[in-house]
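Trainee: Each residue of the sequence shown is one higher than the one before, counting from 274 in my numbering.
By construction, these hints were calculated from the structure, which means they are not laboratory data.
Fair warning: this is a prediction, and the values are worked out from it, not measured in the lab.
Computed Cβ-Cβ distance ranges for the label pairs, DEER-style: (1) 464 with 277: 14 to 24 angstroms; (2) 361 with 280: 19 to 29 angstroms; (3) 372 with 327: 18 to 28 angstroms.
Glycine included, C-beta positions come from ideal geometry on N, C-alpha and C.
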Amino acid sequence: MSKIGLKDCLLIVMGGILYALVLNMLVIPHEFGEGGVTGLALLFYYTMGMEAGVTSFIFNGVLLVLAYRFLSRVRVFYTFLAVGSMSVTMYVTRFLQAQWLPLIPSAILAGLATGLSMALVLKGNGSTAGSDIVALLCNKYFNWKITRVILIFDILVVTPLAFKIGWTKTFWTLVMVFLISKSLDLCLTKWK
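Using the sequences and the hints given, assemble the complete structure.
Mentor: Here it is in structure tokens:
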């Protein structure tokens, strides 16, 4: 992967936009948690009111600077494209933060759609940064399964969120995170 491709860019932007829409329409209205950097951004949003899209962009920017040394320049560009499209869409579509569906269908749909959005980004040779970058590095250097690494990191981030969002929402967040992992795994397996 040495050249930037239009197809890759389109997949990445579509995945970033879908990811942001899921957050604004399904995750934030029900105060679900998330894993990785997005989960940290949500924790800051729920506790301090800091804009999740902006916080996520800042945290991911730091990770991108660190990843620049270990990942190809094209992969870093693609990841920046994913983070940028996700953050801008999150910011622009804040007005969609209303409870469109009840709690349980929202958790299920959010898990499936987030897994699809991440798969689109990974299929385009990018990442959504955060735990994706760690997972890509673990896969590259240790041959660890990407989806398993992401699931572990997601659970580590969701755990402190439990104290803010409560146990019922934490349970459905964990269901959502599990469905993200399964949906992502299914998409990546089918698209090989």
